[in-house]
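Peer 1: Numbers 1 to 503, taken from UniProt numbering, label the letters of the sequence shown in order.
Note that these hints are calculated values from the structure, not bench results. Think of the CB as a built atom: it goes at the ideal place given N, C-alpha and C, for glycine as much as any other residue. Hints may contain errors.
To be verified - No more than 30 Å apart at the CA atoms, straight line, and that leaves these computed lysine-lysine pairs for DSSO-like:
1. K485 - K168
2. K74 - K115
3. K308 - K231
4. K257 - K74
5. K251 - K213
6. K168 - K465
7. K485 - K146
8. K231 - K465
9. K454 - K97
10. K165 - K146
11. K146 - K115
Stated by the list, open to error - Cβ-Cβ distance ranges computed for the label pairs, FRET-style:
12. N9 - V477: 42 to 48 Å
13. E466 - K231: 42 to 48 Å
14. R481 - K271: 55 to 61 Å
15. R481 - K18: 41 to 47 Å
16. K74 - E295: 45 to 51 Å
17. K18 - R230: 16 to 22 Å
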Amino acid sequence: MSQDVKKENPLQFKFRAKFYPEDVAEELIQDITLRLFYLQVKNSILSDEIYCPPETSVLLASYAVQARHGDYVKATHNSGFLANDRLLPQRVMDQHKMSREEWEQSITTWWNEHKAMLREDAMMEYLRIAQDLEMYGVNYFEIRNKKGTELWLGVDALGLNIYEKDDKLTPKIGFPWSEIRNISFNDRKFIIKPIDKKAPDFVFFAPRVRINKRILALCMGNHELYMRRRKPDTIDVQQMKAQAREEKIAKQQQREKLQLEIAARERAEKKQQEYEERLRTMQEEMEKRQQDLAEAQDMIRRLEEQLKQLQAAKEELEVRQNELQSMMERLEESKNMEAAERAKLEEEIRTKQEEVVRIQNEVDQKDEETRRLQEEVEEARRKQDEVKQALLAATTTPQHHHVQENEHDEDDEMVNGDVSRDLATDDNIIDPIEERRTLAERNERLHDQLKALKQDLAQSRDESKETAMDKIHRENVRQGRDKYKTLREIRKGNTKRRVDQFE
1 MSQDVKKENP LQFKFRAKFY PEDVAEELIQ DITLRLFYLQ VKNSILSDEI
51 YCPPETSVLL ASYAVQARHG DYVKATHNSG FLANDRLLPQ RVMDQHKMSR
101 EEWEQSITTW WNEHKAMLRE DAMMEYLRIA QDLEMYGVNY FEIRNKKGTE
151 LWLGVDALGL NIYEKDDKLT PKIGFPWSEI RNISFNDRKF IIKPIDKKAP
201 DFVFFAPRVR INKRILALCM GNHELYMRRR KPDTIDVQQM KAQAREEKIA
251 KQQQREKLQL EIAARERAEK KQQEYEERLR TMQEEMEKRQ QDLAEAQDMI
301 RRLEEQLKQL QAAKEELEVR QNELQSMMER LEESKNMEAA ERAKLEEEIR
351 TKQEEVVRIQ NEVDQKDEET RRLQEEVEEA RRKQDEVKQA LLAATTTPQH
401 HHVQENEHDE DDEMVNGDVS RDLATDDNII DPIEERRTLA ERNERLHDQL
451 KALKQDLAQS RDESKETAMD KIHRENVRQG RDKYKTLREI RKGNTKRRVD
501 QFE
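Given the sequences, and given the hints that come with them, work out the whole structure.
Peer 2: So, in structure tokens, the structure goes:
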């Protein structure tokens, strides 16, 4: 293959899918196909090859992060974690007065909504949303009609559409593959023959012959796939689907097993934390008990000292009482004493009586204090017993909880004459657009998510940075149009009316 390329420079090739599926969920069977197609569509959106509104861009970015990094973990995925990831079209970032940190926070908020979603499921969800974008899967070609009006021809999995030169989002005329029986070109003239023989041929002109060759190849391929989808699956496809189902079930079971192990570990860690908290509380309680015990022991020592003092006081009282008794006896015997001696003895007796009364009061006071201390000692001993019981319980409580981990966790040639191809037809085929609805229309949760995102982004939008595509999209939304509603509208009426409209 001869190409005008300098041989000394290394070339980077990008291999891309030529034909897009009608429904990614039904047609992308193997994981490798899913991953490669996902990367292609994601790159087309990020490069603005496919127009994507801001709110949808953010939601798609959250699925892209889930597909790349898995579940969001706050402790691991710190601020700035997504700094090197290309997640949004530059157009979207330019149109909003938001810092990179604010974009990251917005994406992370929705990323956290996808917890426990498999990476392949995140890719599939990304594609299910992306396939509802107006420019998804459309190959655009510059053409002119017989009057020389410049237009766009869009070729996709569902048929042919005609667009005005300044609007690639909203097709004006559409022809499903089921209405086309023959396609051909001669030089730069391209002819499409409808099944309705009363309808005139649909004729347009391409700028170069090789463009017509590309259009012909795309039409043939897309038409063949369109018809094949409406027939029973071949044995090979059935086997591929069965194998894919088995692999998905096995992967789901492995995922569930992993989730159970994670949940068990989290429960064990929680229980370990509870044990540690309980132990810390018990240690604090033990320290308090030890303090109470020390106070009780000090109280007992004080009581013992008090008892000794009480005993000494009682002994002294007894001595004084004996002395007083002896004096009283002497007084009784000293009737014949002289008055002076008798008066002296009586004075000594009074003094001794006062001393006995004083000592008796001291004994009573110490006795009362002893009873109070005795009660405190009993309370202290009760607390001491409680401390011993608590210490015993603490020493018998398990302080560690061990979870056993699984050790096995994974090319322009000149063309002479006409080039014509007949296309297979089937009168029983119903245009799939009649029943097709966008995912957001069918999924209330997705609809609410996009609505919330649109409201959030509206606060920071810089309308001076809006592109023509943005304005067209906003007007379509205002009029209640989406991809499939527009296709249904432009396919109304017979083929002749639509061909006449094109001319």
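Peer 1: Are the hints correct? Go through all of them and say.
Peer 2: Do the hints match the structure? See the list:
Between K485 and K168 the CA atoms are separated by roughly 16 Å; this keeps the pair inside 30 Å, and the hint holds. Distance check on the hinted pair: K74 and K115 sit about 12 Å apart at the alpha-carbon level, within 30 Å; holds. Proposed proximity of K308 and K231 is contradicted: the alpha carbons are some 111 Å apart, above 30 Å. Of the supplied pair hints, the one linking K257 and K74 holds, its CA atoms being roughly 23 Å apart against a limit of 30 Å.
A threshold of 30 Å between alpha carbons decides the hint, and for K251 with K213 the separation of about 44 Å lies outside it, so the pair is violated. Our distance criterion of 30 Å between C-alpha atoms is met by K168 and K465, whose separation comes to about 19 Å. A hinted pair counts as satisfied when its Cα atoms are at most 30 Å apart, and K485 with K146 qualifies at roughly 29 Å. Only pairs whose Cα atoms come within 30 Å are accepted, and K231 paired with K465 is rejected, the gap being roughly 48 Å.
About 14 Å separates the Cα atoms of K454 and K97, which keeps this hinted pair within 30 Å; it holds. For the proposed pair K165 and K146, the alpha carbon gap of about 15 Å is at most 30 Å, so the pair holds. Proposed proximity of K146 and K115 is contradicted: the alpha carbons are some 56 Å apart, above 30 Å. Our hint of 42 to 48 Å for N9 and V477 holds, since their Cβ atoms are close to 45 Å apart.
Judged by the Cβ atoms, the range 42 to 48 Å given for E466 and K231 holds: they are separated by roughly 45 Å. At roughly 57 Å, the beta carbons of R481 and K271 sit within the given window of 55 to 61 Å. Evaluation of the 41 to 47 Å hint for R481 and K18 yields a failure: the beta carbon distance comes to about 29 Å. As the Cβ distance of K74 to E295 is approximately 47 Å, the hint placing it in 45 to 51 Å holds.
The beta-carbon spacing between K18 and R230, approximately 20 Å, falls within the hinted interval of 16 to 22 Å.
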